[in-house]
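Chemist: Residue numbers (UniProt numbering), protein chains in the order written: chain Y, 1 to 309; chain L, 1 to 435.
Simulated from the structure, these hints should not be mistaken for laboratory data. No false leads were slipped in.
For each label pair, taking beta carbons as the anchor points, the in silico distance ranges come out as: (1) Y:44 x L:362: 50 to 58 angstroms; (2) Y:134 x L:77: 17 to 25 angstroms; (3) Y:236 x L:254: 52 to 60 angstroms; (4) Y:164 x L:413: 17 to 25 angstroms; (5) Y:134 x L:56: 25 to 33 angstroms; (6) L:77 x Y:146: 14 to 22 angstroms; (7) Y:82 x L:91: 30 to 38 angstroms; (8) L:287 x Y:208: 57 to 65 angstroms.
Heads up, the beta-carbon is just placed ideally off N, CA and C, and yes, glycines get one too.
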Amino acid sequence: MTSLATEPAGRSRARRAFAQEGGAVRSGMTLAAYLFLSPYLALFIAFMLLPTLAAVGISFMRWDILGTPEFIGLDNYRQIFADPLFLTAIKNTFYFVFLTAIPMVVLGLALAMLLDQKLKGTAFVRTVVFLPYVVMVSTVGILWGWLFDKGTGLVNYYLTAIGIEPIAWLKDPHWSMPALAITTIWWTVNTNMIIFLAALQDIPEELHDAATLDGAGPWQRFVYITLPLLRPAMALVTALTIINGWRVFGQAYVMTQGGPEASTFVIVQYIYLTAFQNFEMGPAAAAGVVLLLITLVFSLAQMKLMKAI
Amino acid sequence: MANDVFAKSLLTRRQALALGAGAALAGSLPRIAFAQDQKVTLWHGWTGADNTTALNGVIDTFNKGGKGVAVEPTGYDWDTLFSKWVVSSAGGRAPDLVLFHITELPEFATRKVIRPIDDVVASSGLDLSQVPDAGRTGVTFDGKVYAAPLDVHPLGFYYNVDMVQEAGLDPSKPPKTGEEFLEWAKKLTVKDGSGKVTRYGFELPNTWATARWIWFSLMYQFGGTFLDDKGLAAVDSDASQKALQYLVDLINVHGVTNPEVGGNKGEDAFASKQVAMKFIGPWEVNLRMAQKMNFMTAQLPVFGAKPAVWANSHCMAVSKQKSDDKLAADGTFMKWFFDNFAAPATTVGIIPQSKAVRESAAFTGTEQYKYFKSFVDDLPNIVYEPLIPQYLSVFSFDKPTPLVTNLQAALSGSKPVPDALKAMKEGLDAQLKKG
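This is chain Y alone, in the form it adopts within the complex (with noise of 0.2 angstroms):
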């Protein structure tokens, strides 16, 4: 016999008495936690979980918007991946986040290290790099159109002040789209920047303090200290990075249009061009759920690496 059937009746009664009470105040919570989630879980149902599902649905269909949708299996997806345009938006996607990926972490790593001192005049430098997140795409586009000017903009202008010849940064199909990719950088670092600010801000001085009175140099302190605490944010850096860069399109529309000669012309691009200008909604549902796996795969295999290191 075990001792709960030997239990006296009144105890086993306060006992279940309590786990009732106890199941009451936990259901409760979890229902309070669900009304505190409530206004965002219906934002994200309604515009992004239930279109992402619809999107799915239609990927299998053809349908040009007006009419009735006609179940056609996997011929959208057989469309996509014959038509060379998409193949091209692919490349040209994966060399976009290629070309941010790394500065983009880098960079805002180095600007929130740079403005993590506390120097005079920090707060008003950390104000000013925030500045270009706030502005519109349209306008960083033309802002960066003119800046990459052959004749008349000011990159070419400095380039040549240094000896180089002037490029032809957005009519050169080399170099059309590092050139969006400086854009992008100089308009988004800021976010990293700002991550990795809090991040480093929540180190406590001790452990720096400790490092020193051991006789840690400031590189040391970098690799041992600061990188190893910084994981977390870094992943989270890494991961928005990437999603965004596939993401990329308003930079590439407002400054080449996806040109030239297709070389800025991004996956985006492509879905909007089909869905909005061809009215051809399956293959363009199509190429967004080949992005979406696209993303989600390396957001897996970027989130894998970061348990590794």
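Following the hints, complete the assembly by docking chain L onto the known chain Y.
Modeler: Relative to chain Y, chain L alone:
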């Protein structure tokens, strides 16, 4: 005492209420009159500040004219306009009237988002006989009229008068042939001591649509056509090759132009004196006047065997609706707008399709007219791009379509002209066969 105060205060309240009601009634009297007007919504793509102001000003004049119709305009950039319109049509919330280009008409007619308007034209008295044949053909699809053609905007020739004079050329005698044009282009190209070009004679940007329009004009001048009689691309024809090779030679052989100069948004190579001549539509007249440039316009030179010049046209169509109860109101505005098009045409920089409006003092008496005149003179030579249901996907000028990508490749030198045109034909045929 208390009652007195109450009575007094009540009286004051009544007075206030009476005054307020009176004021509200007085204020809303004109509104009540206009509230009976039938509302007509109009979507358009003229989003530039000047264009919107011009259009809204004209519509205000109409709305105040007591015709029983109140037009509510909304402007979107063209891409947004088209996608929003098609989606709204699917949802049964399409605008009543839409303004777009006649080259896009077959696509919207095929998608059944617009309705034929022969009945509206007849009942409103809109006089289509004022429109040149090409304009009337442009708004006709499957034998039915689908829109009112409003304007025409052909390519034209702009040149900087100061630079022409400095080069020892006569600005009153602009080039009329390819040879004369090349002579001007060479003399207007300026190099510094090291041989580096500091100014090109001609602007031929490798971005946006200008190069396409110029090549299209030259192709027809050399006797070619964009499509063959089977409706497939004829861009690899001899005439087309000659036309494109002529442009490529301007870059590589003669060095009078550089495809990397001008063209992108914000890059004004003509105003920043990087080029002396350019081919563009009449919509730049107001801009150049505002910049106080000493410029002049002329008809496009004839490079080939005959004159031909690219053009497009705006038109106004009626969206397909569940009910036709606004058709009379739609027609009232369309006819009025067509007949009173001189003001928007002048401000936007386009040429009225209606002969009566084009020749009226309201248009010819404007200070812009001396620049518009060469565009008017070129009207007999205009060629519209093919009126096909796939127009938006084939001719989209800011997307990497087979047309754009291969034209850019030829101009940048990354593909020889015959290869670029062969690849272009293959890509275009695939688009055209899609239906």
